[in-house]
Every structure is written in C-alpha cells, then in structure tokens.
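Visitor: Here's the letter readout for the chains.
2 protein chains.
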Amino acid sequence: MAIKKGSKRRKRRIVLASGVFDLLHLGHVRFLEEAKKAGGPNAELVVIIARDSTVEKKKVIRPVVPENQRCALMGSLKVVDEAILGYGNFDIGKVIEKIRPDVIALGYDQRDMEQTLRDYVSEHRLNIKIVRIGKFSSDELDSSSKIKQRIIEDFTR
Amino acid sequence: MAIKKGSKRRKRRIVLASGVFDLLHLGHVRFLEEAKKAGGPNAELVVIIARDSTVEKKKVIRPVVPENQRCALMGSLKVVDEAILGYGNFDIGKVIEKIRPDVIALGYDQRDMEQTLRDYVSEHRLNIKIVRIGKFSSDELDSSSKIKQRIIEDFTR
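Protein chains in written order, with the numbering used here: chain A, 1 to 157; chain B, 1 to 157.
Pulled out of the complex, with its shape left as it was, chain A reads as follows (with noise of 0.2 Å):
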C-alpha cells in the first residue's frame, strides 16, 4: 500500500497512530486530525487500539471501556479511516508489516516509543516518516486522567 516511486497513479498515504483511546476526548481527535494532516491531502488515517491487556501490563490500571468498545467509538470517527485492535503482544514490527505506513504519528504522550520506533526503521531500511504531535490546549479537559479526576472530585466534594 505503500507509494511506488516513479508510478503515475500515486495511491493514498497511509498514517498510522495508535493509542489506548480511553474515555474519548477532544484531545484525542485533535490529534488524529494533526496526525492526518501529516499524510498530505487524502491521506488514510489508520489507528491501533491498545488492547486492554497490553495496558493493564504497561500501566497496571485497566481501562475504564473495554477494547471493543474503544475500537468501535474510533472507528465512528470522522477522521479515522479504519480502526484495529493491536496485538496482545505488541509487536513493533509486525504492525508495519500489516499497516505498511508511510507516516507514523505520535502523540506528545508517546516519547518512550520513538526511539524504538527510530531504531526499527533505520535498521529494516523503511522509507517512513515519523512525526510527533503535539499537545492541544493544555488548560482543557483535554485527557482522560483530568476527566477521572474531575469525576472523583464530584464524587467526593
């Protein structure tokens, strides 16, 4: 699916970005619409959810909607042209292979994975972008540990 040099029918760019996606908010799709943005017009905006075992082990909290539901609520987006459920085992590599991207988006959260990701393109030769994204409107409920926060604190005010 990537673009062939020198083909005269160049087809659409393929971005990837991946996330949890837990409790879906305005920064979320902010992003996906930068992230988009750097596949150039008509670009394809395909992204990884996190399942939720791969983030119970990362992060030891679960995610407050199931996978299924994440997915589902990504894949209602706009700006999402198709939305996947990772793998159990996230595997850098074989989600390159499957996605062929020409751009992978991070977003500001993301830090711990460019390297990984650096070093994993430089080594297989790949011809793919990385770009990171950055932080939207920091004063807003704009994450999804603020809007926990802000209902714990309804709670218990």
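If you are wondering where the hints come from, they were derived from the structure by calculation, not from laboratory data.
Just so you know, these numbers come straight off a predicted model, no measurement behind them.
Where a beta carbon is used, it is the ideal one built from N, C-alpha and C, also for glycine.
Only true hints are included.
Short derived list, chain B residues pointing at chain A, Cβ under 8 Å:
#1 L23
#2 V29
#3 V64
#4 Q69
#5 A72
#6 L73
#7 K78
#8 V79
#9 I152
Below, a list of computed lysine-lysine pairs in the DSS-like style, where the Cα atoms sit at most 27 Å apart:
#10 K78(B) - K146(A)
#11 K78(A) - K78(B)
#12 K57(A) - K146(B)
#13 K135(A) - K37(A)
#14 K98(B) - K78(A)
#15 K78(B) - K135(A)
#16 K78(B) - K37(A)
#17 K135(B) - K78(A)
#18 K57(B) - K146(A)
#19 K59(A) - K146(B)
#20 K11(A) - K78(B)
#21 K78(B) - K98(A)
#22 K146(B) - K58(A)
#23 K58(B) - K146(A)
#24 K59(B) - K146(A)
#25 K129(A) - K11(A)
#26 K146(B) - K78(A)
Given the structure of chain A, go ahead and fit chain B onto it with the hints provided.
Guide: Coordinates of chain B only, in the frame set by chain A:
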C-alpha cells in the same frame, strides 16, 4: 429544509436528536445511528447539545466535559452532519423552527420530552414524525453514569 410534497427534487430528510452527550461512548453513537436511519436513506442528522447551564438546572450536576468540547466531539462523528449547542433556556418551539426537522428521535432516557413534543407537534399541526430509540446492550459500559461509576470504583478500591 423540510420535504416539499410534489417537488421533483426531494431534499434530504432532516432528523433531529438532542442530549448532553457527556463522556462520549458507544451507546451514544448507536443511538445516533438508529436516529439517522429513521430519516430513511440519505437523511441528515442534526444534533443539539445541551448547554452546561441547562444540565445543571435539570440534573443538578455539572457535566464533566464542557459544552464546547461536547459539541465539537459530536461534530467529529461520522454519523453527525451538524452539531449545534442548544439554547440557554430550552425552548422546543425555537429549536423546531430553526432546524425544521422531518423526524425527531428520542433516546430511551428522554421519556419526559415525548409528551411535550407530541403536544407541540399536534397543536401546531406539524408534519414531524417522533420516534423513540431503544437502549443498546444494557450490560455493556454504554452509559455515562456507568463510566463514572467504574472510575469511582477503581478509585475507591
């Protein structure tokens, strides 16, 4: 925007739905998808998002997500053609006059609005179909209050 009888070029039927849509979840999306279906193929779905002040007056609790973000998030859904913030003082007549819907869809938890609406439509002799949409998958995490409950459970255990 309503369908003109006898007109050769039939315009898109407009379906109107409304709600708070705090903590967007799959139950909301499924409700909106069913609502849109009630307008037939090629229907247009307009969603009115309740103002923070209206919710606080009615439910005595503030929404977790502020009105502008709830509205923008609704507008980012594939199923939604237009998302609009409601009036500060809810007035069904003003809403109907502005949107001119062919169908008004009500959720399972909007029973109180049904009679008011039916009375208004009959009194003003309007050609508006009122439909009730069922609840989806009651055992799933498909309501804002269940999501809140789970966050509080995780916090207090």
